Amino acid sequence: MSQTERYLLTRANIEGAHQLAVAEKHGAYEALRKVLKEGIPYSTVIDEVKKSGLRGRGGAGFSTGMKWTFMPDPAKDPRPRYLAVNADESEPGTCKDRVIMQRDPHGFVEGVLLAAYAIRAQAAYIYVRGEYRLPHDRVKAAIEEARAKNLVGKNILGSDFSCEVYMHRGGGAYICGEETGLMESLEGKRGHPRPKPPFPAMFGLWGQPTTVNNVETVFNVPFIMNRGSAWFASLGTANSKGNFLCGISGHVNKPGVYEFSFGITAKEILEQHAGGMWKGRGLKAWFPGGSSCSLLKGADIDVVLDHDSLRTRGSSLGTAAMIMIDDHTSMARVMEIISRFYDHESCGQCSQCREGTQWLSQIFRRIAHGKGKADDVATLEALAKGMAPGKTICALSDAAAIPTLSAVRLFKDELIECVTRQADPLAVPQPHYAVAGGHH
Amino acid sequence: MALEANLVAEFDQLAKNYPEKRAIMMLALHRLQDVRGWLSPEALEDLAAYLGMEPVEVFGVASFYPMYRLRPCGQHVVSICHNISCDLRGAQDIVAAVCEATGAPLHGTSPDGKFTVTTVECAGACANAPMFDLDGVYHEDLTPEKAKQIVRSVK
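Quick note, the sequences are listed as chains A and B, same order. Just so we're aligned, residue 1 is where the first sequence starts under the numbering used here, counting upward by one. Just so we're aligned, residue 1001 is where the second sequence starts under the numbering used here, counting upward by one.
Worth flagging that the hints you see were computed from the coordinates, not collected in a lab. Don't take each hint at face value.
Stated by the list, open to error - Lysine to aspartate or glutamate pairs mimicking EDC-like chemistry, simulated, CA-CA at most 16 Å apart:
(1) B:Lys1146 to B:Asp1133
(2) A:Lys189 to B:Glu1057
(3) A:Lys189 to B:Glu1020
(4) B:Lys1016 to A:Glu187
(5) A:Lys254 to B:Glu1140
(6) B:Lys1021 to A:Glu187
(7) A:Lys279 to A:Asp327
(8) B:Lys1021 to B:Glu1010
(9) B:Lys1016 to A:Glu164
(10) B:Lys1148 to B:Glu1100
(11) A:Lys297 to A:Asp326
(12) A:Lys254 to B:Asp1141
(13) B:Lys1146 to B:Asp1093
(14) A:Lys297 to A:Asp413
(15) A:Lys189 to B:Glu1054
(16) A:Lys412 to A:Glu381
As the list claims (entries may be wrong) - To give a feel for the contact side, a few chain B residues facing chain A, derived at Cβ under 10 Å:
(17) Phe1064
(18) Asn1083
(19) Ser1085
(20) Pro1105
(21) Gly1124
Unchecked claim - Sample of chain B residues with no beta-carbon within 12 Å of chain A, all distances over it, derived:
(22) Met1001
(23) Asn1006
(24) Val1008
(25) Asp1012
(26) Glu1045
(27) His1076
(28) Ile1150
(29) Lys1155
Keep in mind that this is a model prediction, so the values were computed, not measured. For glycine and all other residues, C-beta sits at the position ideal for the given N, C-alpha and C.
Model the full assembly from the supplied sequences, consistent with the hints where possible.
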């Protein structure tokens, strides 16, 4: 279908769209008004979203409509129920939800309300990563503006739908982007993921039925309700519908957050939109969907961006955050940083992850610094295989193991050369600065 | 010392948004840090007393999250992203430039107490790398020169 039809950032690109008056002039809250005025039942909203083929934009790509049906029937289970919105965006390379919250907070709040309506939640908590102050302030101000116009709160627009929307802030921990870690944090605890089952739909926030949705996911819902599931399903490919926000970062001329329909090739994004690789260099490797997915080689740039196509290349769509790495870059250095990140972010509950991420980080570090040991590359592989898949409470361990295994598979010779030479031939001299103690 | 009266009023109000008072923890720690500059053992004890919890429970939460500062810091805090997208575009040069311009060692405070400089993992500004956060405001698309200029213009 059309690669040029855009809808996600249309309003966001209008000056002042974070204010209600401007946002409403450009269609904000139209879908909510339609649903409430016409009395469209919640089950119809769920059906429409199911039919649209919308899949979660937070990384896992699960069917949103399907997720909503996991919530228990309120007639049989009258407990309070919640929507938690995952705005903890912290996957390296990912910077799309920030654009939505900062530039179209009303469109986002409308999406939150429609999702809450669909699951019949009486309150929605938006968990924003602590560093995102401006996005937080914009959404908070939008909620207040909307509340003053009876778009949030009791009996919204005179209907029998009541929903409070609250802002919550994180504290800089990646693990709180994991849905059960997020819920623990929201309850005022350390962000330790919970074993599943029980699943959030049965035992979520404060033990009550809860759905956790990503920012961009709920942001799509008003468009689906306005224009219909058939329109939405006409965009994209067989199993990946609609448009998505793609962050492209690293060694490109025009990094940015762009909107595309699924089905575009990574090559077109790189060359037609991101201005190609910088300094006229070649593409050595890239992450198609954040640092938790498998690395791909430069030659894989012809791949179509959607869930199925990336799987056939041995990687995944993740958060559609493309991180591009040029051919002057040391992969030992890249993996030193990636593995340091997971070591820093492991919550420490599971041994495989707590110990494994530390080991990976130490080994990549010494390889990158010319101190690798003879069997280090084999050890990396053995360690990563012991960390995943599905060996721990949550997927952070997998997220550290997956890029490691891909690096060892694709760049084994380069890593081994660093070890045998006791030097990284591609190392760039690092600037000198003093490091004090006291960092925790 | 007990919690400041205005914080008590604010926290009482916040607590109405949640079925359990404890859920205000993250927000309360942020506010307390804003007001007092860092989260001293006394600050954590004050919050614990307000929440009706043991101080160690509050410490347990605060120590889990990198944004909460459990040690005194400079008047201004520069947090430089050093994750992959920023590193690929020269984050290390930004670290060197900021340390030079502020006189602070990395993960330390300048002798005049004005700046604390630290690195952070991905701050979600990958398409505008490299970047740092200065007292809660993002500065993006940095060059070492621009970085120095920004910290030097801080009063």
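Hint compliance check: list the failing hint numbers for this structure, sorted ascending.
none
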